[in-house]
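> In case you want the letters, here they are:
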Amino acid sequence: MITVENLSFSYSKSPFISGMSFSVSEGEIFGFLGPSGAGKSTLQKILIGMLRTYQGSCIVNGVECKNRTKHFYENIGVDFEFSTMYEKLTAKENLQFFSSLYKKQPRPVDVLLKMVGLEQDADKRVADYSKGMKSRLNFIKALLHDPPLLCLDEPTSGLDPANSRMMKNMILEEKAKGKTILLTTHNMQDAAELCDRVAFIVNGKICALDSPHNLIMSKGAAAVTYTWIENGEHSASCSLEQISSDERLKSLIAENRLQSIHSSEPTLNDIFMDITGRTLL
Amino acid sequence: MRLKRLFLMDMRFQAKYGFYFLYEALTIIYIAVLFALPENWKEKAAAILIFSDPASMGLFFMGAIVLLEKSQNTTCALAVSPVHATEYVIAKVSSLSAISLVVAAILALAAGVDHLFIVLFGTFLSSVIFTLFGIIVATKIASLNQFILWTVPIEAICFVPAILHLFRITPAWWGHYPVNVCMDMVSGRSLSATGFLATTALTVVLFMLSRFCVLKMWDRMGGVKL
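Respectively, the protein sequence lines represent chains A and B.
With my numbering, the residue at position 164 of the first sequence is 284, and numbering never jumps.
With my numbering, the residue at position 114 of the second sequence is 240, and numbering never jumps.
If you are wondering where the hints come from, they were derived from the structure by calculation, not from laboratory data.
Heads up, some of the hints might be wrong.
Quick list of in silico lysine-lysine cross-link-like pairs, PhoX-like style, CA-CA up to 25 Å [claimed, not checked]:
hint : chain 1 : residue 1 : chain 2 : residue 2
1    : A       : K288      : A       : K234
2    : A       : K224      : B       : K130
3    : B       : K142      : A       : K212
4    : B       : K266      : A       : K133
5    : A       : K190      : B       : K130
6    : B       : K168      : A       : K254
7    : A       : K133      : B       : K342
8    : B       : K142      : A       : K186
9    : B       : K130      : A       : K208
10   : B       : K168      : A       : K186
11   : A       : K212      : B       : K342
12   : A       : K190      : B       : K266
13   : A       : K208      : B       : K142
14   : A       : K244      : B       : K142
Residues from chain A shown here face chain B by an in silico Cβ test under 7 Å; the list is partial [to be verified]:
hint : residue
15   : E194
16   : E207
17   : N283
Fair warning: this is a prediction, and the values are worked out from it, not measured in the lab.
Where a beta carbon is used, it is the ideal one built from N, C-alpha and C, also for glycine.
For reference, chain A alone in the conformation it holds in the complex (with noise of 0.2 Å):
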């Protein structure tokens, strides 16, 4: 679906993006992660044809980016982070337009208002949504043409936890029915719980490619640490794998005098944070 050799992009005399390789295979949910400025939109313009001053290759749908026709759009669907809807109108009537242009049939708007909750708002104008509705309204505006490929830019940006939830729910649907799903986002938790692989972006290059399980594995087992009273409160950690080697915690627990016990992962935050030496903000 995706084959990306060699990328390397350039806002001025410095390399923005460099050397990049990738592939994504049809549907996959592919995540690009990294903090601001590291070149996520960039290579996300790239990837929907808009930035084509690129060296390497970088291949969308069979089509080499850089030589796409407006076809090309016909089978992707983009939702970018901010609004894209004309203000004065309504949502139905935004949504009728957008699906308008293109020679799909397109999804019916009701329906995939309804989806998102907002079939009760339909009538009202864009300007009067608050931020999250416009979340959503985007969302399902690159939907209306049921493209085979979604670029989704921080789709949960704006969204209370029901409506994040709901969101997310919507992208495993759209990956259920086979599409292939390119995530931007600065949201590690969507990340893990979405992504089959993720790509960890910084300084314009990508520093690790993997499913999140791996990653996190990659950094080792969960830690597990306890607590006991013993002129006054102590604590004390292992790993996972030596539980059974631990001995004071054998013996804790044969005289019932554990205070506390819980395990606890490496985040995706954190592998992100050890490998590249960066946070997310």
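Starting from the known structure of chain A, arrange chain B on it as the hints suggest.
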């Protein structure tokens, strides 16, 4: 069909932002002015009014339209859609030409001008040229101030020669200058073959340039704040 949908959307956009309401009010004022003028002034006054407003509104309104589109990021949405730059330009030009023609027809009828068809054809040609100039400038700017500054030289090369030509202050060969050809038609005079060729050539060049500028704008992907 996509062109028709873009055209209708442009008209709806212009209606929502009050362009049609504004032109209803302006048309009433212009008609009042025309009725207040002496009979022998009416034809020239109508030509000046038509040329300086409905025929050239595209130059000024295109800045507002494209800036509004940029501020709402709909330029981004169109950039990643199958819409071609050619369709975008034609929809903009034809939607503004439609309102130009209606207003020009009302003013011409109110002034009792002869040769209505020539007046309207001249209005259409002028509207196309000015709207294309408007698109070329609007795609490059990020604020209304910039737009106003950029349109000053266009106004200077378009309006000054046309007004001078209307009052026959310019040499005869200036009659082939495209905006003067348009002014001739707006004032009811028929056009020469040379004038028509020059105006057509300018229109084609401006169309190609505006198409190129729209493609560049889409590559830059808009997103300015008003």
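> The structure should be examined with respect to each hint, and the outcome stated for every one.
For each hint, the structure was consulted:
1. About 16 Å separates the Cα atoms of K288 (chain A) and K234 (chain A), which keeps this hinted pair within 25 Å; it holds.
2. For the hint pairing K224 (chain A) with K130 (chain B), the CA-to-CA distance comes to about 17 Å; that is within 25 Å, so the pair holds.
3. Using a Cα cut-off of 25 Å, the hinted pair K142 (chain B) and K212 (chain A) holds, with the two alpha carbons roughly 16 Å apart.
4. Of the supplied pair hints, the one linking K266 (chain B) and K133 (chain A) holds, its CA atoms being roughly 23 Å apart against a limit of 25 Å.
5. Under the criterion of a C-alpha separation no larger than 25 Å, the hint pairing K190 (chain A) with K130 (chain B) is consistent with the structure, at around 18 Å.
6. Under the criterion of a C-alpha separation no larger than 25 Å, the hint pairing K168 (chain B) with K254 (chain A) is inconsistent with the structure, at around 52 Å.
7. For the proposed pair K133 (chain A) and K342 (chain B), the alpha carbon gap of about 20 Å is at most 25 Å, so the pair holds.
8. With a C-alpha separation of about 37 Å, the suggested pairing of K142 (chain B) with K186 (chain A) is violated against the 25 Å cut-off.
9. With a C-alpha separation of about 20 Å, the suggested pair K130 (chain B) and K208 (chain A) falls inside the 25 Å cut-off, and the hint holds.
10. Simply put, K168 (chain B) and K186 (chain A) have alpha-carbon atoms about 57 Å apart, too far for the 25 Å limit, and the pair is violated.
11. Restraint check for K212 (chain A) and K342 (chain B): not satisfied, since their Cα atoms lie roughly 30 Å apart, outside the 25 Å limit.
12. This hinted pair checks out: K190 (chain A) and K266 (chain B) have alpha carbons roughly 22 Å apart, not beyond 25 Å.
13. Restraint check for K208 (chain A) and K142 (chain B): satisfied, since their Cα atoms lie roughly 7 Å apart, inside the 25 Å limit.
14. A C-alpha spacing of about 14 Å is found between K244 (chain A) and K142 (chain B), which places the hinted pair at or below 25 Å, so the restraint holds.
15. Contact between E194 (chain A) and chain B, as hinted, is supported at the beta carbon level, the nearest pair being about 6 Å apart and thus within 7 Å.
16. Among the interface hints, the one on E207 (chain A) holds; its C-beta lies about 5 Å from the nearest C-beta in chain B, closer than the 7 Å criterion.
17. Annotation: N283 (chain A) was flagged as interfacial toward chain B, and the flag is violated, the nearest CB pair being 21 Å apart, outside 7 Å.
The structure fails hints 6, 8, 10, 11 and 17 (numbered hints given earlier, in ascending order).
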